[in-house]
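**Student:** Those protein sequence lines, which keep their order, are chains H and V.
The opening residue of the first sequence carries number 51 in the working numbering; numbering runs sequentially from there.
The opening residue of the second sequence carries number 12 in the working numbering; numbering runs sequentially from there.
It is worth saying that the hints were derived from the structure and are not from the lab.
No residue lacks a Cβ here, since even glycine has one placed at the ideal position from N, Cα and C.
One should not assume that every hint holds.
[To be verified] Using 25 Å as the maximum straight-line C-alpha spacing, the simulated SDA-like pairs for lysine to any residue come out as follows:
hint, chain 1, residue 1, chain 2, residue 2
1, H, 51, V, 72
2, H, 92, V, 65
3, H, 92, V, 64
4, V, 81, V, 52
5, H, 92, V, 72
6, H, 118, H, 101
7, V, 68, H, 53
[What the hints assert, rightly or not] Some, not all, of what chain H presents toward chain V, calculated at C-beta under 8 Å:
hint, residue
8, 61
9, 63
10, 84
11, 90
12, 99
13, 105
14, 132
[Stated by the list, open to error] Covered stretches of chain H, as calculated for chain V (at least 3 residues, CB under 8 Å):
hint, stretch
15, 91-97
16, 154-162
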Amino acid sequence: KQEVTQIPAALSVPEGENLVLNCSFTDSAIYNLQWFRQDPGKGLTSLLLIQSSQREQTSGRLNASLDKSSGRSTLYIAASQPGDSATYLCAVKGDQTGANNLFFGTGTRLTVIP
Amino acid sequence: DGGITQSPKYLFRKEGQNVTLSCEQNLNHDAMYWYRQDPGQGLRLIYYSQIVNDFQKGDIAEGYSVSREKKESFPLTVTSAQKNPTAFYLCASRGPGATLHGYTFGSGTRLTVV
Numbered sequence: 051k052q053e054v055t056q057i058p059a060a061l062s063v064p065e066g067e068n069l070v071l072n073c074s075f076t077d078s079a080i081y082n083l084q085w086f087r088q089d090p091g092k093g094l095t096s097l098l099l100i101q102s103s104q105r106e107q108t109s110g111r112l113n114a115s116l117d118k119s120s121g122r123s124t125l126y127i128a129a130s131q132p133g134d135s136a137t138y139l140c141a142v143k144g145d146q147t148g149a150n151n152l153f154f155g156t157g158t159r160l161t162v163i164p
Numbered sequence: 012d013g014g015i016t017q018s019p020k021y022l023f024r025k026e027g028q029n030v031t032l033s034c035e036q037n038l039n040h041d042a043m044y045w046y047r048q049d050p051g052q053g054l055r056l057i058y059y060s061q062i063v064n065d066f067q068k069g070d071i072a073e074g075y076s077v078s079r080e081k082k083e084s085f086p087l088t089v090t091s092a093q094k095n096p097t098a099f100y101l102c103a104s105r106g107p108g109a110t111l112h113g114y115t116f117g118s119g120t121r122l123t124v125v
């Protein structure tokens, strides 16, 4: 079964720093990988979706990369702001048939210090 | 704006009661999902439905039930058989196409047993 790991579990950085969040997965047979943001007590907001054939996706200050063969994805946040403080989750969709094949990491809790 | 609406935001259940969590979407998505989120754990799939009048058990379906009578609605009932129901419940949907579309989540319902 696919296992998704996010390291570190928590990260604190001063405002303005660039940072990288990591996501690793054990089975490289994936359709896509999605990064989400979750604020405390809230639902998940989709940030970026990378298809298995893609290497990266960008949205504003966010850049997500995917190395399927090594089972890794990174989320790069440029010029971090206090408003970026949240938990970031990655989710991997496997390429097996059926709908029960979306696997989540446990998230990285980011705190950006003003 | 299109999206997923979950209600209520907070729900309290007495021992032995059944409670129903609402999930409505106006995205015209075929597939809908219910996840449970506990502190320190990744999201776990409870039930999912790929089309109207059809649904499948996820990884932790015991003590829960669902229906899918309309495309827009996928309510989750937490029955008295669920021994540890206190958690944050998230509903999600996904558009057509197995790989091209990511998941859209609602804002969640926090259920507490009193």
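**Student:** Each hint needs a verdict: does it hold in this structure or not?
**Tutor:** Here is how each hint holds up against the structure:
1. For the given pair, residue 51(H) sits about 18 Å from residue 72(V) by alpha-carbon distance, which is consistent with the 25 Å threshold.
2. Our distance criterion of 25 Å between C-alpha atoms is broken by residue 92(H) and residue 65(V), whose separation comes to about 28 Å.
3. This hinted pair does not check out: residue 92(H) and residue 64(V) have alpha carbons roughly 29 Å apart, beyond 25 Å.
4. With a CA separation close to 31 Å, the supplied pair residue 81(V) and residue 52(V) exceeds the 25 Å bound.
5. Between residue 92(H) and residue 72(V) the alpha-carbon distance is near 23 Å, which keeps this suggested pair within the 25 Å criterion.
6. Of the supplied pair hints, the one linking residue 118(H) and residue 101(H) holds, its CA atoms being roughly 10 Å apart against a limit of 25 Å.
7. A threshold of 25 Å between alpha carbons decides the hint, and for residue 68(V) with residue 53(H) the separation of about 20 Å falls inside it, so the pair holds.
8. Interface hint status for residue 61(H): violated, as the beta-carbon distance to the closest one in chain V is roughly 16 Å, over 8 Å.
9. Checking residue 63(H) against chain V: minimum C-beta separation of about 22 Å lies over 8 Å; hint violated.
10. For residue 84(H), the shortest C-beta to C-beta distance to chain V is roughly 5 Å, which falls under 8 Å, so the interface hint holds.
11. Interface restraint check for residue 90(H): the shortest CB-CB distance to chain V comes to about 10 Å, outside 8 Å, so the restraint is violated.
12. A least Cβ separation of about 4 Å between residue 99(H) and chain V falls short of the 8 Å threshold, and the interface hint therefore holds.
13. Taken as an interface hint, residue 105(H) does not check out: its beta carbon lies about 16 Å from the nearest beta carbon of chain V, beyond 8 Å.
14. With a least beta-carbon distance of about 22 Å to chain V, the hint placing residue 132(H) at the interface is violated under the 8 Å criterion.
15. Given a C-beta distance limit of less than 8 Å, the hint that chain V covers the stretch 91-97 of chain H holds, as 6 residues qualify and 3 suffice.
16. Counting residues of the stretch 154-162 of chain H whose CB lies closer than 8 Å to any CB of chain V gives 4, so the stated coverage by that chain holds, three being the minimum.
Consistency note: the structure conflicts with the earlier hints numbered 2, 3, 4, 8, 9, 11, 13, 14.
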